[in-house]
Structure formats: structure tokens, C-alpha cells
Amino acid sequence: MADAAYGLWPLVVLNTVLFVLFAVSFFHPRSSRDWRAMGGFTAFLVALFTEMYGVPLTIYLLSGWLGSRFPLLRDTHAGGHLWNDLIGWTADPHLSPFHLASYVFIGGGFWLIAAAWRRLYDAARAGGLATTGPYARVRHPQYDGFLLIMIGFLLQWPTIPTLLMFPILVAVYVRLARSEEREVAAEFGDAWAAYAARTPAFLPRRALQHGHPGSRGQELQTRQTRGAGGNR
1 MADAAYGLWP LVVLNTVLFV LFAVSFFHPR SSRDWRAMGG FTAFLVALFT EMYGVPLTIY
61 LLSGWLGSRF PLLRDTHAGG HLWNDLIGWT ADPHLSPFHL ASYVFIGGGF WLIAAAWRRL
121 YDAARAGGLA TTGPYARVRH PQYDGFLLIM IGFLLQWPTI PTLLMFPILV AVYVRLARSE
181 EREVAAEFGD AWAAYAARTP AFLPRRALQH GHPGSRGQEL QTRQTRGAGG NR
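Each residue of the sequence shown is one higher than the one before, starting from 1 at the first, in the working numbering.
Just to be clear, a hint being listed does not mean it is correct.
[Claimed, not checked] Label-pair restraints from in silico Cβ distances:
| no. | residue 1 | residue 2 | range |
| --- | --- | --- | --- |
| 1 | G127 | V174 | 20 to 30 Å |
| 2 | G107 | G189 | 29 to 39 Å |
| 3 | G108 | G189 | 51 to 61 Å |
| 4 | E187 | L100 | 41 to 51 Å |
| 5 | W9 | R206 | 45 to 55 Å |
| 6 | G7 | A193 | 52 to 62 Å |
| 7 | R36 | P97 | 28 to 38 Å |
| 8 | P97 | L203 | 22 to 32 Å |
| 9 | G189 | S31 | 17 to 27 Å |
| 10 | V55 | A193 | 30 to 40 Å |
| 11 | D190 | A5 | 53 to 63 Å |
| 12 | Y60 | A193 | 45 to 55 Å |
| 13 | V20 | R175 | 37 to 47 Å |
| 14 | W9 | S31 | 24 to 34 Å |
In short, the hints are calculated from the structure, not lab data. A virtual CB, placed ideally from N, CA and C, is assigned to each residue, including glycine.
Hey, can you work out the whole structure from these sequences and the hints?
Okay, here's the thing in C-alpha cells:
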């Protein structure tokens with residue numbers, strides 16, 4: 001390797017395990033559907049950290065094609081910050097606009113997952129739908145949180161595998177969300193229908209509508225009734 005920052009396979013394993021455990025502690029997966037969501041996120045992390053500390057495959061593939069136009073695109077650890085290379089950022093890559101923005105997305109994603117879980121847990125104990133906090137804005141805040149974290153990593157360290165995986169994982173999460181919605185709709189009926197009619201699934205509207213009916217956020221509602229909340 002041209003850079004000692006690569007070929008560090010213990011760091012690949014360590015970072016993957018740490019972020020997965022961190023996500024599990026925020027997400028509290030219970031059902032097989034929850035673990036599928038975690039599995040997709042874990043695959044994304046493995047692909048990311050493999051190129052961040054293991055083998056810079058993306059840089060190898062792009063350097064021959066774009067190397068003459070972007071001299072910063074080289075097989076060093078700093079060269080892995082591709083957005084910086086493409087705009088000619090020569091200062092500390094960890095202080096670039098892309099890197100700083102990535103911290104906001106990653107931190108915001110973990111916060112959203114944790115905040116949504118608290119609302120879901122409270123609603124489960126009450127035997128109702130979570131409609132406050134993040135669930136007042138979107139029906140699937142925890143899935144949004146995972147997507148924000150992945151966007152943050154793509155801003156920080158984009159790779160060909162993770163860029164290809166991201167739209168696939170979006171489709172997977174949408175499919176899981178729709179499946180959960182069908183189960184919650186069958187359980188909560190009109191309450192869910194009223195909530196879903198005024199609350200977007202993933203992208204919040206600019207302004208909240210007043211008078212949210214009692215209905216519950218989606219992916220966790222199923223978990224709550226089966227897990228911490230309802231024992232069903």
C-alpha cells in the first residue's frame with residue numbers, strides 16, 4: 001500500500017462492530033423485519049470501512065480514468081475523501097465542508113433513531129400509536145435516521161459499492177415500511193388511516209397540520225405491540 005492507513009483490517013472489524021452496536025443500542029431491533037433493516041445497514045458499513053481502512057478499491061478504479069484531471073485522486077488515506085479531491089480541497093480533509101456536513105447527518109441520524117424509539121416505547125406501553133415527537137412529522141423516523149447516517153458517510157467517504165448500495169437500501173427500507181404499515185393498519189384501523197392520511201411517510205412537510213389524530217408511527221408500532229409494549 002502507498003499509505004499505511006490502508007490494510008488495517010482490525011480497524012475495519014472494530015469500526016464495523018462499534019457502529020453496529022451503537023445502532024442496535026439506539027434502534028432496539030426485535031422482530032425479524034427489524035433485523036433485516038439492521039442487516040442492510042451492516043452491509044453498508046462493511047463496504048464502507050473495507051475501503052476506508054482495508055483496500056481503496058474505488059480509488060484504484062478511478063485514478064487511471066480521472067487521475068490526470070484530478071491529481072489529488074491518489075491511493076492515500078486523504079485521497080479517499082473523493083468529494084474533496086474533485087473540488088481540489090488541499091487543507092485537512094477532516095475540516096472540509098463535506099466532512100463537517102457528514103457529522104451533522106450522522107449525528108442527526110442517530111439522534112432521530114433514539115428519539116423515535118422513546119416515543120414508540122411510550123406509545124407501546126399505553127397501547128396506542130406514537131404520534132408525537134418525530135412521529136408527528138413522518139411515519140418512519142427510524143428508517144429516516146438510518147438513511148441520514150448513510151448519507152453522512154457518503155458525504156465523508158463515497159465509494160462505488162456504497163453509492164450503488166444506497167438506492168437499493170432505500171428501496172429495501174420502503175418495502176419494509178410498507179409491510180409494517182399493512183400490519184399496523186389491520187390492528188389500529190381508522191386511527192391509523194387518519195394518521196397516515198395527514199402524516200407523510202419519509203419526507204416531512206414544511207408545516208405541521210394541527211390536530212393529529214391518535215395513530216402510531218409505523219415500523220415501531222408493530223414492534224411495540226409485539227415487544228416492549230403489548231406482548232403480542
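Requested in this report: Starting from the hint 28 to 38 Å, judge whether the C-beta atoms of R36 and P97 obey it.
Outcome: With Cβ atoms ~34 Å apart, the hint holds.
Query raised in the report: Quick one: are V55 and A193 within 30 to 40 Å, going by C-beta?
Result: Violated: the Cβ-Cβ distance is about 50 Å, outside 30 to 40 Å.
Requested in this report: Confirm or reject the claim that P97 and L203 have a C-beta distance inside 22 to 32 Å.
Outcome: Holds - the Cβ-Cβ distance for P97 and L203, about 24 Å, lies within 22 to 32 Å.
**Report entry** 24 to 34 Å as the expected CB spacing between S31 and W9, which holds or is violated
**Finding:** 33 Å, holds
Query raised in the report: Could one say that the CB atoms of G107 and G189 fall in the range 29 to 39 Å?
Result: 37 Å Cβ-Cβ, so the 29 to 39 Å window holds.
Query raised in the report: Within 37 to 47 Å or not, the Cβ separation of V20 and R175?
Result: 22 Å, violated
Query raised in the report: Does the Cβ-Cβ separation between D190 and A5 fall within 53 to 63 Å?
Result: With Cβ atoms ~57 Å apart, the hint holds.
Query raised in the report: Could one say that the CB atoms of G189 and S31 fall in the range 17 to 27 Å?
Result: 21 Å, holds
Report task. Given the range 51 to 61 Å, decide if the beta-carbon distance of G108 to G189 lies inside it. Result -> For G189 against G108, whose Cβ atoms are near 33 Å apart, the range 51 to 61 Å is violated.
**Report entry** Distance restraint evaluation - E187, L100, Cβ atoms, bounds 41 to 51 Å
**Finding:** 43 Å, holds
**Report entry** Status of the given 45 to 55 Å range, CB of R206 versus CB of W9
**Finding:** Since W9 and R206 have Cβ atoms about 46 Å apart, the given range 45 to 55 Å holds.
Query raised in the report: Does the Cβ distance between Y60 and A193 fall inside 45 to 55 Å?
Result: 52 Å, holds
Consistency note: the structure conflicts with the earlier hints numbered 3, 10 and 13.
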